[in-house]
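Going down the list, the sequences are from chains A and B. Mapping the first sequence onto numbering that gives the first Met the number 0, position 60 (from 1) lands on 59, and the numbers just tick up by one. Mapping the second sequence onto numbering that gives the first Met the number 0, position 144 (from 1) lands on 143, and the numbers just tick up by one.
These are computed hints drawn from the structure, not numbers from a lab.
Simulated crosslink set (BS3-like; lysine-lysine; CA at most 27 Å straight-line):
no., chain 1, residue 1, chain 2, residue 2
1, A, K240, A, K262
2, A, K91, B, K87
3, B, K262, A, K240
4, A, K87, B, K91
5, A, K87, A, K21
6, A, K91, B, K91
7, B, K22, A, K91
8, A, K91, B, K21
9, B, K21, B, K91
10, A, K21, B, K91
11, A, K262, B, K262
12, B, K91, B, K13
There are 2 protein chains.
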Amino acid sequence: MRRTITGFSNPTVKALRALRDKKHRKRERRFLAEGLRLLTDARASGTLPEVLVMASGRDPHPLLDELEAEVAAAGGEVIEMDEAVLAKVTGKDNPQAVCGVFAEFNTNLADLDRLAAPIWLVAQALRDPGNLGTMLRTGDAVGAGGLILIDDCADPFSAEAVRASMGAVFTQAIAQARWPEFLAWLRGGPGQLVAASLRDAVDYRAAAYQAPCFILVGNESRGLPEDYEAACDLRVTVPMKGRADSLNAAVAAAVLAYEVLAKLEGD
Amino acid sequence: MRRTITGFSNPTVKALRALRDKKHRKRERRFLAEGLRLLTDARASGTLPEVLVMASGRDPHPLLDELEAEVAAAGGEVIEMDEAVLAKVTGKDNPQAVCGVFAEFNTNLADLDRLAAPIWLVAQALRDPGNLGTMLRTGDAVGAGGLILIDDCADPFSAEAVRASMGAVFTQAIAQARWPEFLAWLRGGPGQLVAASLRDAVDYRAAAYQAPCFILVGNESRGLPEDYEAACDLRVTVPMKGRADSLNAAVAAAVLAYEVLAKLEGD
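For reference, chain A alone in the conformation it holds in the complex (with noise of 0.2 Å):
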């Protein structure tokens, strides 16, 4: 059942790598996802991977022996290889004992249950793919239901965006939408738009939440476009009491969210 590779040339170590460029993910629809704790927090929520990665060397685990027998009931693929070879699949010197190829999930936004869930994150031209993982996994904390990326965003596969997810890229909605698709759904049924802004903006411990909130923050560098603003239905505002005239993006989410959280459980 379980295949041992030991060549660095073999043609699966070379499709595996393969993974870490965008273009070829974005081909092969897969992404990898490394280390014991993701593949556990993956398998929790119902999403096992089609390939399962094992370093020959490593320490029985037997929340590893659940998830290969797993993977192999599943009709999975499980694959032994040494360490210096799992070391070429994932680019790393010192690689986790196991990665796991998953199937790339579904982010089509019309397949989205707004109702499912009080708060969804929205970003738009998200560039930091640590960022984008970072929101995933503050979605996760406060209840989101999952994270909307408007027009060009960092893949939200891409290895630093699932290891910052910290396991949350799978149990939080993905949707990839341009700005007026996004905004025509949005209008298509209830939600309240609420962008996190620098004019014309509200105190956001004053302002007035209602579920589902879309909590919406832009690029790292420019922020939201004008226009995008003008089409919500809030802007909010955090204190900046500093030099400073914005905080990191990901951190403005969470500093929000959980605004909205505390406010729509009636704090």
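We have chain A; now place chain B onto it with these hints.
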């Protein structure tokens, strides 16, 4: 006044390059900051680079002219080099057109004036320089006095931390100390020590905060040691509605810091 360097093997180029390496940085007690935005922030905070490095092909900019004049007037060095040579210094394919060499700041805990600000951020064994820089940026935003780094943390003067701080490395005080030293210092004056915690913690919205409030977050994967938490005046937690049991460290610090700010201001 302005010196031009053309060769890659110039000793000044080598010396500047070496500042990307932590060991050299510590020995020289100097660090690099890249980009006109950061250098302008530094200048506005009263800090000039000892050495100003400019790409010869840069676009002219009045702020850069002013900066050059001030650096020269202060007895600093101004160096012009090809973009390709500058790329060697910064280690980036597309370097910003300007960078500066700064003397490291005093990070002596005993020199902090705790009454200078109502909020202080404290991080223990924080490993990610991006998180560290983001905490500095958040500290600036909430009007904190600075960031206290406990035990072995990432280097606040690394390029990644400086970049993520968005200039706050020049406005926030930075102190470094081991835990016993910090605790002795803290208890030698007024100050409420508040841990971001999962154990025996009260809801962060229901807690009573007092200035000067020291907000302590722990290592990215292990959190705070139990005995550190026990020594705190208050352990607070934020709701975790999903599968994950923790937030990103910089996000947790920000959510707490904004709550403390609102409470201290009488929200």
